[in-house]
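K.L.:
Sequence:
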Amino acid sequence: VTQGRQVWALLEARTAGLTDPRLFARGKLVLLRICNGLLRRLSKARAGEAELGGRVLLYLAAAYPLSERSAVNVTGKANTGNVTTFEEEEEFNKAMAAAAQGATAAAAAANSEGNGEEKTEEKEEVKMDEEEDNATGAPVDYPFYCAFWGIQAFFSDPGRGGRSEELLAELVASAGAVL
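The sequence shown: position 120 = 1341 (the numbering used here), numbered continuously.
Read the hints as simulated data drawn from the structure, not as lab findings. Positions of the beta carbon are idealized from the N, C-alpha and C atoms, including for glycine. Some hints could be false.
Below are the DSS-like pairs computed for lysine-lysine, each with C-alpha atoms no more than 30 Å apart in a straight line [what the hints assert, rightly or not]:
| # | residue 1 | residue 2 |
| --- | --- | --- |
| 1 | Lys1265 | Lys1298 |
| 2 | Lys1249 | Lys1298 |
| 3 | Lys1249 | Lys1265 |
What follows is a set of in silico ranges between Cβ atoms, one per label pair, in the way DEER data are often shown [said to hold, decoys possible]:
| # | residue 1 | residue 2 | range |
| --- | --- | --- | --- |
| 4 | Leu1287 | Ala1230 | 36 to 42 Å |
| 5 | Ala1390 | Thr1305 | 37 to 43 Å |
| 6 | Phe1365 | Glu1387 | 18 to 24 Å |
| 7 | Pro1379 | Phe1307 | 38 to 44 Å |
| 8 | Lys1298 | Gly1248 | 25 to 31 Å |
| 9 | Phe1369 | Arg1243 | 44 to 50 Å |
| 10 | Trp1370 | Gly1275 | 20 to 26 Å |
| 11 | Thr1236 | Ala1318 | 46 to 52 Å |
| 12 | Gly1380 | Met1317 | 31 to 37 Å |
| 13 | Trp1370 | Arg1243 | 33 to 39 Å |
Working from the sequences, and respecting the hints, build out all of it.
P.N.:
Given below as structure tokens:
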């Protein structure tokens, strides 16, 4: 991985030359093999390696045009076996209540630690954090949850949205709710 970082630093330093259209036409497959080989060797679990993997993917996205054959699903196959199942409303509400109780318990534990002067500072800090969360974070309700995870059906089968007006309307409504 250390050698991979060094090679990647060299490739990034020479991006202008490697993506020159005259050289890129002949060397694009070699560059793609290098990037894919490096991506295969990186662990997605380790933060440093995930960061390097992200840099490689961004490089590929910038270097190759969208019309590049290696980036196009030529056969049109979709992973329709990827079915996302989500919780029923009752289970969802229980999970949200448990998460809220966990957050309240964590805040209470943070307030009870330390001596008197630190307690005051921590309480003020926690109050500020809670106010920030309430101001910026919208609560997740069940319809939003269903809309968010329901979009996955359209990602796993891209042609689904064009099969009927109802499905297209569902996709547009779900995407609008999520965005």
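K.L.:
The structure should be examined with respect to each hint, and the outcome stated for every one.
P.N.:
Hint check results:
1. Restraint check: the Cα-Cα separation between Lys1265 and Lys1298 comes to about 26 Å, which is no more than 30 Å; the hinted pair holds.
2. Only pairs whose Cα atoms come within 30 Å are accepted, and Lys1249 paired with Lys1298 is accepted, the gap being roughly 24 Å.
3. The straight-line distance between the Cα atoms of Lys1249 and Lys1265 is roughly 25 Å, inside the 30 Å bound, and the hint therefore holds.
4. Between Leu1287 and Ala1230, the C-beta spacing of about 27 Å breaks the proposed range 36 to 42 Å.
5. Take Ala1390 and Thr1305: their Cβ atoms lie about 20 Å apart, and the range 37 to 43 Å is violated.
6. Taken as a hint, the range 18 to 24 Å holds for the pair Phe1365 and Glu1387, whose Cβ atoms sit roughly 20 Å apart.
7. As the Cβ distance of Pro1379 to Phe1307 is approximately 20 Å, the hint placing it in 38 to 44 Å is violated.
8. At roughly 28 Å, the beta-carbon separation of Lys1298 and Gly1248 lies within the given 25 to 31 Å, and the hint holds.
9. Taken as a hint, the range 44 to 50 Å holds for the pair Phe1369 and Arg1243, whose Cβ atoms sit roughly 46 Å apart.
10. For Trp1370 and Gly1275, the hinted distance range of 20 to 26 Å is satisfied, since their beta carbons lie about 24 Å from each other.
11. For the pair Thr1236 and Ala1318, the beta carbons lie near 50 Å from each other, so the given range of 46 to 52 Å is met.
12. A hinted range of 31 to 37 Å for the beta carbons of Gly1380 and Met1317 is consistent with their spacing of about 34 Å.
13. In this structure the supplied range 33 to 39 Å is violated for Trp1370 paired with Arg1243, their Cβ-Cβ distance being about 47 Å.
Against the hints set out earlier in the document, violations occur for numbers 4, 5, 7 and 13.
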